[in-house]
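**Student:** So the protein sequences, as listed, match chains A, B, C and D.
Just so it is clear: in the first sequence, position 383 is 383 by the UniProt record's numbering, and no numbers are missing.
Just so it is clear: in the second sequence, position 343 is 343 by the UniProt record's numbering, and no numbers are missing.
Just so it is clear: in the third sequence, position 265 is 265 by the UniProt record's numbering, and no numbers are missing.
Just so it is clear: in the fourth sequence, position 382 is 382 by the UniProt record's numbering, and no numbers are missing.
If you're looking for bench data, these hints aren't it; they were derived computationally from the structure.
Possibly wrong hints are sitting among the right ones.
The list cannot tell twin chains apart, which means a pair is met if one copy fits it or any two copies do.
Straight-line Cα separation of at most 16 Å, EDC-like style, residue types lysine to aspartate or glutamate; simulated pairs [as the list claims (entries may be wrong)]:
#	residue 1	residue 2
1	K113	E9
2	K349	E85
3	K339	E258
4	K349	E17
5	K86	E9
6	K349	E253
7	K349	D392
8	K36	E202
9	K402	D352
10	K402	E390
11	K86	E59
12	K138	E345
Number of protein chains: 4
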Amino acid sequence: MIPRYSRPEMAAIWSPENRYRIWWQIEVFAAEAMGKIGMIPADDAATIRKAYDADVLGEIDVPAIDAIEAVTKHDVIAFLTWAGEKLGPERRWLHQGMTSSDVLDTALAVQLKQAADILLADLDRLLEVLERRAREHKRTPNIGRSHGIHAEPVTFGLKLAQAYAEFARNRTRLAAAREDIATCAISGAVGTFANVPPAVEEHVAAALGLTPEPVSTQVIPRDRHAMFFATLGVVASSIERLATEVRHLQRTEVLEAEEYFSPGQKGSSAMPHKRNPVLTENLTGLARMVRGYVTPALENVALWHERDISHSSVERYIGPDATITLDFALARLTGVIDKLVVYPERMMKNLDRMGGLVHSQRVLLALTQAGLSREDSYALVQRNAMKVWESDGQLSLLDLLKQDPEVTARLPDGKLEELFDLDYHLRRVDDIFGRVFGRE
Amino acid sequence: MIPRYSRPEMAAIWSPENRYRIWWQIEVFAAEAMGKIGMIPADDAATIRKAYDADVLGEIDVPAIDAIEAVTKHDVIAFLTWAGEKLGPERRWLHQGMTSSDVLDTALAVQLKQAADILLADLDRLLEVLERRAREHKRTPNIGRSHGIHAEPVTFGLKLAQAYAEFARNRTRLAAAREDIATCAISGAVGTFANVPPAVEEHVAAALGLTPEPVSTQVIPRDRHAMFFATLGVVASSIERLATEVRHLQRTEVLEAEEYFSPGQKGSSAMPHKRNPVLTENLTGLARMVRGYVTPALENVALWHERDISHSSVERYIGPDATITLDFALARLTGVIDKLVVYPERMMKNLDRMGGLVHSQRVLLALTQAGLSREDSYALVQRNAMKVWESDGQLSLLDLLKQDPEVTARLPDGKLEELFDLDYHLRRVDDIFGRVFGRE
Amino acid sequence: MIPRYSRPEMAAIWSPENRYRIWWQIEVFAAEAMGKIGMIPADDAATIRKAYDADVLGEIDVPAIDAIEAVTKHDVIAFLTWAGEKLGPERRWLHQGMTSSDVLDTALAVQLKQAADILLADLDRLLEVLERRAREHKRTPNIGRSHGIHAEPVTFGLKLAQAYAEFARNRTRLAAAREDIATCAISGAVGTFANVPPAVEEHVAAALGLTPEPVSTQVIPRDRHAMFFATLGVVASSIERLATEVRHLQRTEVLEAEEYFSPGQKGSSAMPHKRNPVLTENLTGLARMVRGYVTPALENVALWHERDISHSSVERYIGPDATITLDFALARLTGVIDKLVVYPERMMKNLDRMGGLVHSQRVLLALTQAGLSREDSYALVQRNAMKVWESDGQLSLLDLLKQDPEVTARLPDGKLEELFDLDYHLRRVDDIFGRVFGRE
Amino acid sequence: MIPRYSRPEMAAIWSPENRYRIWWQIEVFAAEAMGKIGMIPADDAATIRKAYDADVLGEIDVPAIDAIEAVTKHDVIAFLTWAGEKLGPERRWLHQGMTSSDVLDTALAVQLKQAADILLADLDRLLEVLERRAREHKRTPNIGRSHGIHAEPVTFGLKLAQAYAEFARNRTRLAAAREDIATCAISGAVGTFANVPPAVEEHVAAALGLTPEPVSTQVIPRDRHAMFFATLGVVASSIERLATEVRHLQRTEVLEAEEYFSPGQKGSSAMPHKRNPVLTENLTGLARMVRGYVTPALENVALWHERDISHSSVERYIGPDATITLDFALARLTGVIDKLVVYPERMMKNLDRMGGLVHSQRVLLALTQAGLSREDSYALVQRNAMKVWESDGQLSLLDLLKQDPEVTARLPDGKLEELFDLDYHLRRVDDIFGRVFGRE
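From just these sequences and the hints, can you work out the full model?
**Tutor:** And the structure:
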């Protein structure tokens, strides 16, 4: 966890306090269920539950638990020892027939579910901002670029609508990953329920908003976690895409949009004029990290037999690091898009700078429709287009075409001029917005 | 593509012939739609469709197309040039207003959908075999192992039921990934539909069993592909898990199961007695490869602006390699499980070799339930358990406990013997099977 | 292996013929050594060697060997059976005391060494081209960009000199990786030399240009291969860096350099004017693939005990794929740089377009040296710089500074003009070239 | 950074205090050099140096610097502002002509060099322990296993000698990576030395034990860092290999060695008899993490133009995380090997349990040498070996061979018995130890 890339709400999920509190819930709810089915005395179970409701633990004394763990070298036993002191003799019924993994894995499921909920909310905020800015620039013309080369006009709103659709897909994927991860295992040693019947698991699952793990092997199978972290890696890659777009738009020669630059900010210790897209560069790096956590999560799947503990150290890193980083990145991206300074005039200036080359395809199509073969049409357009290209936008394609008798034989001046109409390219924007945001 | 790790049906998806045939379908169905909406002459569109129905292309002449591409350096133009020769002048209407990406990306979507269908069928076969073998060994006792160390009894059927549940999850994930990838984009340059209206895309999508891409940017966004390949990486990791289980079970000292070893097979050029788990070791390696394709797929997401073509070379590798390898691996795993030689006697022998230590937890619980504190119970069991452990299974935990007065004060002989009952551990097997396979 | 990304010389290394020929050399040289030390009859050893010198194998009949392997399911035995038929009864001495791994691993070492030699030669050609183009543009002014934003002037030659230095480092790393990989193991089952003394290994190693593996365990340890493929991943990342630079330079708005565009080439099926940086985009994708092979190679290290064969399938993919792809990519990059069309006038035009902002740091320094505090100097420069920035290069920083009395109080007009001298920024180019290419 | 996987010395390298102290050194040494060459007043430079020698900074006030950074949003400026207050007016000469990157990148180089020095010392300690334990068990017989299946005898010392050789290679690689990373860049904006001559860089480099970066572009090129982290990934993979070996040896059925289990330690909250290889399982997970940092480091190489800052966030994670984790893992592995409890009797028992099958290859060779063809010899051995295999070690290969007339026709009883001599397999152990540790 890097403090500067952390937000408090997500970081809190990974605090020892939150973890211990979830452990406590698991133990208490399990005892409650055991009381109901007569596995332990009902009165003692009720006493435990009441102690829970009265928050008998109070402040979690992390150093005290750490001190016990230093001796036992076992975290759950250390916690139970500490927590047991807050109870009377009914403490003996805690953890009956359970294993540490029942507690650890179910708690991790709760933490990942909590984390997913924050990430889903992050995505909601991002989607909201993307929609707002997309609608704002729905018809702001912008040159579309393939291979970094001017192609044909789009609108800036379309770019953001694409990003919206992409993050909406990511929301769907993350919601599925959240379901995948949100399971509860209270199945005892090697998962046979020999010492703790499924009813306990079912009760704890319901109390925690989880579903029971159909077959655990002391641990919850790690394909679930692998899918979860792989999904975060996909979301991160989409962040990189949009961040890269902003970085490109802010390049000196392009400068169609800029990250908001606050008054006191210094871009460079040496060059006072600089306004750098540092937030989106930062997001590019953060995306690399979240992606980097995918492979360890995949490697965690192949545990030996019913379980080994090699996954645990990995999860101590990537549980917090992947979710905290992604939360921060989503919030940062939301801020960047929210406050992005957009320069429509510059967009139009760039669009125009190629001497009308961006309309070449339309001319090509018109020639074909006028009866020329595709190959001949292509040759005709290209010989004029190349002159414009080589003039660095000083020549105009429209002018050259008007002077090319082989062209004018098929397409008279008036017809040619029509083909250079910007609105032509924007005529389906409503359709696309309708697909993405729904009809209004 | 490594021939030895390829199966013909999946490999055929990635053949040039299949690719060109899909391209042809896209062009023909697009022309058909254009005819309907009057974008091109209806008669010519009908002529093209008829030519398609009559299979005018016949055998695809790949070398001829390659020869054209060597000149044009453009694959779609090369194909259209070749295919156009099979038509009359109506050929001019092919590809109207479309870009190469419309063809390439939609075709890739079809290929990945076809590949996903094979993989789903592979999973179905694997699930079928897993269920059969799980039911066969539903009550075959087997020592459960955590950390490679004997824990408590499970059954071999439970192991396979776990694998079944894991691959059933993978089936669900893959089905979602298939939906995610199965979209059609016929939106023209930079995706604005300026030269080809959405109706064409909708028609082609329906004809190919795809859904229209809500907003493309000349290309289908690569987050879809990233999700697809990430999902394959998760499936591969589950393969590694089950393969690793078999490798462990086949170890000389364990030998509870063995890959089927055909009569003519030689295990080693030097040591004639050896029967090695080479298929599952091979699967372990194949899983590494499929996982290795995840990161390039994630890196493909951040294309520049409306598109660049950096994703293309990556997909030429991982499209075939990931799907062919995974198909092969799933089939191989299915064969391994199908023919796995299981040794129930050896399983029982191993289970017994620890002098009854596997029942220690039950004793611990019983002592607790008899009124002893958890800590004292633990100490009591551990001091006897350690002696057994150090005897390498020569001493019996039951015998030692019977001789420990502090134990017998709480648990008389008869009670102790009950605690060493194997069936106790298997009493919830029906519940678990019910959860995994449904009640019968 | 993707044919379009393969070059014949590198692909040949991975042909079955080359592999079998190396196997043959290993077996023959081993027999020769065994003859020398009396492990097998000297005459028979000499007969085998003579048969080798006479090329008794002739053309390798791969299908015949495949047919034998289909029965034995063992590749080395299949080859030995086929090759043995070319010999008389002395064939019995082949492979004495050896294991398949002795042959397979040593052969892989030879193949990787051969591959490394080609890659080193590729790097040499790239370095040669980089040096030539760097010297050609040693003093071609070019705006340096940090964060994609104009910073201060550099030269285009400096960019290439940096690339030269980077690839020179990669050459050093690859040479080390080649040494690391080039070892020979002829140590028999589990590597104890029980049945074949070290002298045999030493002889074969010398004959093949390898060093003996100090301690093998039947297999050559895979940390060597991991280091090799990790090094290829670093080289690939440097390729991506230079390819990305070219992609940026070719952007429409920048257009300071372009990939060579051959007369017949079509940039787009739709937009005839387009010249896209498709080679460098392709290189970006290829770099992703070579990087993708690093992790499987790292996962291959942890073999079980003396060996398992999980590494083998991985190496069947990445051995050819990583080396063939990198060879192709290096050659393609060399071609791109060799023929890169450079536009010095456009470079100068871009450099000038910011109204002199690129000289702001020099003014800042001069103000400091004239006695103003750093903070005040910064504020003074920034308030003028911001105006220029906001004018989109229409205002001139020099003009504004000349009109700012707080500035002119410290720096009179003549002094200010001096600070806007381009040569100032290029005065250390000779020093840097001297460091990179050596003094002339 | 995960506190439980951190050791203080390595963690201290990544503390803000250490980073600021290095920044201070860079600024002071640079000023000193500037004074020498007359770039700033010699007296002021001397004053700064004296202030440094007198430790004018004293305790680094991190919160104070953070507070300044919160305003300036620029870390180096924040530090310089804070540190400048400790000086008189000579503070104006600090950072003359330099950029933040000069400070940041050179400081990172110092930190990585410091980290590498600790890791090299870690490797030295590990090598020392491996050598000691290898010599201790140089002749402790142990069954060699390929594919997890008994093959032929080795010694436990040989296993450790192999590990020694592997980590000795890793030491060489890490030493090379340390050299690669240990460069100094003080080259000013975009690396041209326009405002700060190479002499300053050379002075600072010498003072910090670095070499000057031949050509930087404001930043030190990231191929160096990529190589560094890739090397750490290789070391981690070797850790995983040795950790996996221990995990296998500790399996209940094998139990040839065990991690040291301290008296107070509890293996399981449920099963008191368990001693789990938790340290080596933990190491397996830690290796996954260190490997996971390789790809982000490789992705960091392709910065845009002269620099972007996407690498920075990645390095804030992986700089500390990779080095701290690897340091911890190496120390933990050293402890595991140092205190590993080895059971030679159990090793011998396992070795014997296969009824002498481990000697089958020797019989095969002897039959061949007695004149039988390889194929016939193989068949003869295999038909007896298979019976032993199927008896689960109850039958003895030697006994069966003595009863097989086709065998005894070539190999009489005495000869056969010789072939079952364990020492035969160990006769080259001295040779191998000589290669690995040098002759004594």
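**Student:** Next step is simple, just say for each hint if it's right about the structure.
**Tutor:** Evaluated hints:
1. K113 / E9: Intra 14 Å, inter 36 Å, cutoff 16 Å: intra-copy only.
2. K349 / E85: Answer is neither; intra-copy 73 Å and inter-copy 43 Å both fail.
3. K339 / E258: For K339 and E258, the Cα distance is within 16 Å only inside one copy (9 Å; across copies 35 Å).
4. K349 / E17: neither (56 Å within a copy, 46 Å between copies)
5. K86 / E9: This pair counts as neither: shortest intra-copy Cα distance 28 Å, inter-copy 38 Å.
6. K349 / E253: Both: 11 Å inside a chain and 11 Å across chains, each within 16 Å.
7. K349 / D392: Close inside one copy (14 Å) and across copies (12 Å); limit 16 Å.
8. K36 / E202: within (12 Å within a copy, 58 Å between copies)
9. K402 / D352: Neither: 18 Å inside a chain and 34 Å across chains, both beyond 16 Å.
10. K402 / E390: Neither, since 18 Å and 38 Å both go past 16 Å.
11. K86 / E59: within (12 Å within a copy, 43 Å between copies)
12. K138 / E345: Within one copy, since 15 Å is at most 16 Å while 37 Å is not.
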